[in-house]
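Read top to bottom, the protein sequences are chains A and B. Residues 1254 to 1370 in the numbering used here are what the first sequence lists, from first letter to last. Residues -6 to 140 in the numbering used here are what the second sequence lists, from first letter to last.
Think of the hints as simulated: they come from the structure by calculation, not from any bench. Treat the hints with caution; some may be incorrect.
[Said to hold, decoys possible] Here are the simulated DSBU-like cross-link-like pairs (lysine-lysine), alpha carbons at most 35 Å apart as the crow flies:
#1 Lys1286(A) to Lys94(B)
#2 Lys1286(A) to Lys57(B)
#3 Lys1351(A) to Lys1327(A)
#4 Lys94(B) to Lys1327(A)
#5 Lys1286(A) to Lys1330(A)
#6 Lys1351(A) to Lys1322(A)
[Claimed, not checked] With the Cβ distance kept under 8 Å, some of the chain B side facing chain A (calculated, not the full set):
#7 Glu8
#8 Ala11
#9 Asn32
#10 Ser39
#11 Ile47
#12 Met102
#13 Thr105
#14 Asn109
Ideal Cβ placement from N, Cα and C applies to all residues, glycine included.
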Amino acid sequence: MSLQAELEHYRNVLIVRLRGELDHHTADIVRNKMEAEIIRGESHHVILSLKDLQFMDSSGLGVILGRYKQIRSKGGKMVVCDVNPSVYRLFEMSGLFKIMNIYDNERMAISSLEVVS
Amino acid sequence: MGRNEMTLSFSARSENEAFARIAVASFVSQLDPTLEELNDLKTAVSEAVTNAIIHGYDSDSAGKVTIDASIDGDVVSIEIYDNGRGIEDLELARQPLYTSKPEMERSGMGFTIMENFMDRFEVTSELGQGTRVAMLKRIESKKALYN
Chain A
1254 MSLQAELEHY RNVLIVRLRG ELDHHTADIV RNKMEAEIIR GESHHVILSL KDLQFMDSSG
1314 LGVILGRYKQ IRSKGGKMVV CDVNPSVYRL FEMSGLFKIM NIYDNERMAI SSLEVVS
Chain B
-6 MGRNEMTLSF SARSENEAFA RIAVASFVSQ LDPTLEELND LKTAVSEAVT NAIIHGYDSD
54 SAGKVTIDAS IDGDVVSIEI YDNGRGIEDL ELARQPLYTS KPEMERSGMG FTIMENFMDR
114 FEVTSELGQG TRVAMLKRIE SKKALYN
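Let the sequences and hints guide you as you build the complete structure.
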């Protein structure tokens, strides 16, 4: 019961694929990996791809909002895609969709960012 | 079926958050809950246990978190408590997006999630004594469809 974070640069976009369970215990993994990549600055925008994220609680919201602020302060955008119903409910409850766009899959998320960049 | 109870007590370590929510989910699975109900319960348990560890004990793993759970008919009751520092201002703590630890990137959504995911939710706290969260959820058992 853990979390894997796979990070891939695609053109000017950092794609972050989370697999497993994102809670207080595993939030550090996501924070450290994403923070380092954002600081390196190879990518301008971030896509959070959550198809295989089986569980998330408010600690996950915290780490996502933290990275959102980080990428925003550098002028980039963050979007999410492939969100399962329970994670969707959490995002909705916390008002996350007011600041972040959501897409059905990575392909649609990428093309939305290519339009704005 | 009569009342069924279980108690679980464990160190205030973050790796026990997953253990706690999975243990409660296993206990409740005898009611044949839907995936959504199970996920609601797991999330609420995760929030309460995380609060106890981070806020109750300031991440000191010497502390103990206890869960009392019971099943009575189709109702699940869960109490989660610690003997930590307690909450000074409960009303403030329950405000959506409020957190006493913004430097830890806490979202401040824990209590809001517990209130929304459970049918009843109550929190009591005493400074220097600890905090107790009591929650209740009715499981609309899938079996009921065939009765």
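Hints versus structure:
no.	hint	result
1	Lys1286(A) to Lys94(B)	holds (22 Å)
2	Lys1286(A) to Lys57(B)	holds (31 Å)
3	Lys1351(A) to Lys1327(A)	holds (19 Å)
4	Lys94(B) to Lys1327(A)	holds (24 Å)
5	Lys1286(A) to Lys1330(A)	holds (18 Å)
6	Lys1351(A) to Lys1322(A)	holds (14 Å)
7	Glu8	holds (5 Å)
8	Ala11	holds (4 Å)
9	Asn32	holds (5 Å)
10	Ser39	holds (4 Å)
11	Ile47	holds (7 Å)
12	Met102	holds (4 Å)
13	Thr105	holds (7 Å)
14	Asn109	holds (6 Å)
Taken one by one, the earlier hints all hold for this structure without exception.
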